[in-house]
Amino acid sequence: MAAAFNFALHPDALAAVVTGEREIVGFVPDEPSAGALEQLPAVALNEAEVRLLAATAWGEARGEGEDGMRAVAHVMVNRVGSRFGENLETVIMTPYQFSVWNRGDPNRRLVSNPERYATDGVAQETWEQAQRIAREVLSGQSIDPTGGALFYHTRAVRPAWARRGVGRQVIGAHVFYADVPDPGVRRTPPTLTRVTQVTQVTQTFSQPLPIGESAEGPRVGRVNGVIQYAPQSMARQPLPSETVDVNAAATPTLNGEPVTALTAR
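First residue of the sequence shown? That's 2 in the working numbering, and the numbers climb one at a time after it.
Check the hints yourself; a few may be wrong.
Label-pair restraints from in silico Cβ distances [what the hints assert, rightly or not]:
(1) A49 - R84: 20 to 28 Å
(2) G148 - E116: 31 to 39 Å
(3) R165 - G66: 23 to 31 Å
(4) A124 - D145: 23 to 31 Å
Treat the hints as calculated values from the structure; they're not laboratory data.
Glycine included, each C-beta is placed from N, C-alpha and C at the ideal position.
Can you make the complete structure from the sequences, with help from the hints?
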């Protein structure tokens, strides 16, 4: 009777019994078992890195709360590698990468010794958040809200490199970029100075050399610290001492005319 009443209320259950099909329900426990917790590998954190990351994120984005600090912290960790530095300290402390470490920045004294200034109120609360965030990011327990961004700047500024940024997104008061491709500018002198020698007059002029071409001719000295080169045609030219007998007696001249004899008046 009970089964008949139950099937009357739930006809789908009766059909499942008749056909022999059952719905498979997956079950995910709310809490992992004690054995599963024991199998998780322990992550040994470098306390100096934790403090450096926390202090920098705190200085850069403490006014934006936990979300803002987490975003900038992930950018710093995303940068670790051959492009920006092989360790976190190099990434963060390279000059002009994160403004809070620039000389003259008012935040520098705060991030250098946060325990001195974050003693109560919002400052203490955000500093404690920054330390927790740093541990989560470095241990891999934090989801990157930037999706792997490598650059950011505040919405209050517009740096020149931002126009080359790709993957732009805004989180709080910061604008994040997936990447900013390098401009690829050749850092080579724009011009080389060549020297042309005509008789006893030396004439200089600046002319760009084709890429890959080396300066022609022998060196003839330096002008304002730049090495000067003579044309290739001047190479291996005989010196005056090699073509003129400088020891031979010179013929006297008078008003440009050779004097062969002196006549007395």
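The hints, checked one at a time:
1. The supplied range of 20 to 28 Å is met by A49 and R84, whose beta-carbon atoms lie about 23 Å from each other.
2. A hinted range of 31 to 39 Å holds for the C-beta pair G148 and E116, which are about 33 Å apart.
3. Here the CB-CB span from R165 to G66 is close to 30 Å, well matched to the stated 23 to 31 Å.
4. Checked against the given bound of 23 to 31 Å, the beta carbons of A124 and D145, roughly 26 Å apart, stay inside it.
Going through the hint list in order, the structure satisfies each hint without exception.
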